[in-house]
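Undergrad: From the two separate chains plus the hints, produce the assembled complex.
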Amino acid sequence: MFEVTDEHIDFMYSDIRARGVVTEDLQCNIIDHVCCLAEHKLKHSDNFYRFYESIIPKFFDKKLKELQEETDLLLTSKILYQMKNLLKYTGILSVILLLLGVAFKMTHTVGAGIILVLGAVLFAFVFLPTTIALKYKDQDSLDNKLLTTVGFLIAMVATVSCLFKVMHWPYANMLRVSSVVVFLVVFVPLYYYVKNKKAETKFNALMNTMMMAASGILLFAMTMSL
Amino acid sequence: MYICPMYSSELIKGTLKTIIMKLLKEQGRMYGYEITQCVKKLTDGKIQITEGALYPTLHSLEKKGELETEKVYIGKRVRKYYTLSKQGHITAQEKLDEFSSFMQTMESLLTIKPTTDYV
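Protein chains in written order, with our numbering: chain W, 1 to 226; chain V, 227 to 345.
Check each hint, because a few of them may be wrong.
[What the hints assert, rightly or not] For lysine-lysine, the following DSS-like pairs were computed, each having C-alpha atoms within a straight-line distance of at most 27 Å: (1) K290/V with K78/W; (2) K321/V with K290/V; (3) K135/W with K290/V; (4) K78/W with K267/V; (5) K289/V with K84/W; (6) K289/V with K63/W; (7) K297/V with K41/W; (8) K84/W with K243/V; (9) K267/V with K58/W; (10) K137/W with K243/V; (11) K272/V with K58/W; (12) K272/V with K78/W; (13) K58/W with K297/V; (14) K251/V with K297/V.
If you're looking for bench data, these hints aren't it; they were derived computationally from the structure.
Keep in mind that this is a model prediction, so the values were computed, not measured.
Bound conformation, chain V alone (with noise of 0.2 Å):
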């Protein structure tokens, strides 16, 4: 569901809630259009996500009560914000922390060139 130009889908798959959720702890309020341009500029294209992984995602959170939505009429056209909701910015943090004890995981997995002999 993602379109990654750089990296291929199973390495990211999994990251797109934390990926939303760290943004909207950081940018406050932010629409479904917005998020998708604000990760590809700050992943310069490196990764674009979907409409079809993002809205599905969105409503997901909605539910489970971590996002929170204000709906603004622009004609007859809705618009969605989404902000974090009281819940939702501890399962942030909770995300956040985990995904980054995972990446010192992987780097240290990944960089250790083994001088003993386990044998």
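Chain W with its partners taken away, still in its complex shape (with noise of 0.2 Å):
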């Protein structure tokens, strides 16, 4: 029976850690599997560096770190099933707060405030928060991942002024005018930059980016005004 030696499980080691598998339960599964397999089929003189490197690529499709994607999706499934959940339910209560906190406030009737407060709090500082997390996970590259997570933030940000405001709190015109500043200085010209790089999105791009431009800035000459 072939023997597998120290020296082969460090080599082990350090490439399957090179390919992208870091979690030490899979990388201690995926050696013991290989040794299992070089004491099956291997002869005491046969070469283990050369075997290794053609059994490795039976593990996988593509690359050995889909075991470590793999593990990590199944590990992640319920978190994000839950964080689904809560978007979901989070999102509806905060709706029906809101259209509720509005009626209340136009018929003047007692409890507007604490409803709207409410519902702003629930969709600014749990829903955002939430939706962020997962478009995050979802986006594929660093710059979509970048937008999306300052679009939110600039949302949650423009939903407390909306808040301050209705309830004539100290600070609402300063939320105000720098979320809608932080979207026309920061938001729009990266959004055009992320987009314009893509082939199938630079028409869309610019038209997107001047309507948000001229949105923000109609919306920013509304507050100044105000």
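TA: Rendered as structure tokens:
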């Protein structure tokens, strides 16, 4: 029977790590599996390294990192499911609360303020951060991750500024101006930069950028004239 | 993620956890390579579990508390033995019952030849 040496084990650990498998238990499993195969298939005089290079591609379709990705996916699937549920229920609840709050406010009914605060807080501090987390994971590139995160952070500040304005709290205008300025100065150029890079989104990138820039400028003008 | 010389992967997709838990329920303590060889032997090679499917599933079952592990050191090499936890025994039975019921339903669905016109 072929004997796998400590030198072989060290080689496999470094190779597997270099191929993107970072979970220690997973590394142990793969190495033990390769060792078992070597012990069953190799003769004493055979070359282990050549065997390793031929056997390791059988563990994956394109790259060994798939095992790590599959493991991560299985481990996070439950959390993702819970986050999606949280997103659904907080989204529905915050919309209902905001609608009720506005209706109460318009009819001068008691409790409008509390309902509006609850709705806006739920929307800004639970719904939007959960959306950021989920969208962050879905985006394929760092550019898109950054764009999504900046966009939703601006939405959070804008929501809070609306709430402050409706509740006649201080710093409402400052928050509103900040969100519009950051939208115009950071988000819109970033959006154009990210979307303009891909051929399939190039035309829409220009159109959307112009629309967002025009809307942002009008919103800024309106904010300043209030 | 399966290699199934006889069955399409769509056909047995979703059964891996049931297969692993059933084996551990019967055998007690097993390690990864042993599981793949056992499945291969029991099915005459008709179902062969790939490493790419097996180890992520074992890891996920362990994290969910369905499996308990024991590490055995063979020099620098570490072998992980898997056993069903208390909760794993209950889940294994539930999965087997569910799958058995599904098999019966599929059997009755695919073997009955309708003799009545439903129009």
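Undergrad: Below or equal to 27 Å on CA atoms is what counts here, so check K84/W against K243/V.
TA: holds, 24 Å
Undergrad: Would you mind confirming whether the straight-line C-alpha gap from K135/W to K290/V stays at or under 27 Å?
TA: holds, 25 Å
Undergrad: Compare the distance between the alpha carbons of K290/V and K78/W with 27 Å, and conclude whether the hinted pair is satisfied.
TA: holds, 10 Å
Undergrad: For the pair supplied as a hint, K251/V and K297/V, confirm whether the alpha-carbon distance does not exceed 27 Å.
TA: holds, 19 Å
Undergrad: Are K78/W and K267/V close enough, with their CA atoms no more than 27 Å apart?
TA: With Cα atoms ~33 Å apart, K78/W and K267/V exceed 27 Å; violated.
Undergrad: Starting from K321/V, check that the Cα of K290/V is at most 27 Å away, please.
TA: The hint holds at about 15 Å.
Undergrad: Does K63/W sit within 27 Å of K289/V, going by the straight-line distance between their CA atoms?
TA: Between K289/V and K63/W the Cα gap is close to 24 Å, so the pair holds against 27 Å.
Undergrad: Holds or violated: are the alpha carbons of K137/W and K243/V at most 27 Å from each other?
TA: At roughly 26 Å apart (the allowed maximum being 27 Å), K243/V and K137/W satisfy the hint.
Undergrad: For the pair we were handed, K272/V and K58/W, check the Cα-Cα distance against 27 Å.
TA: With a Cα-Cα distance of about 18 Å, the restraint between K272/V and K58/W holds, given a limit of 27 Å.
Undergrad: Below or equal to 27 Å on CA atoms is what counts here, so check K297/V against K41/W.
TA: holds, 24 Å
Undergrad: Checking one constraint from the list: CA of K272/V to CA of K78/W, max 27 Å. Satisfied?
TA: violated, 31 Å
Undergrad: Given the hint that K267/V pairs with K58/W, test it: the Cα-Cα distance must not exceed 27 Å.
TA: holds, 19 Å
Of the numbered hints given earlier, the model fails hints 4 and 12; all others are met.
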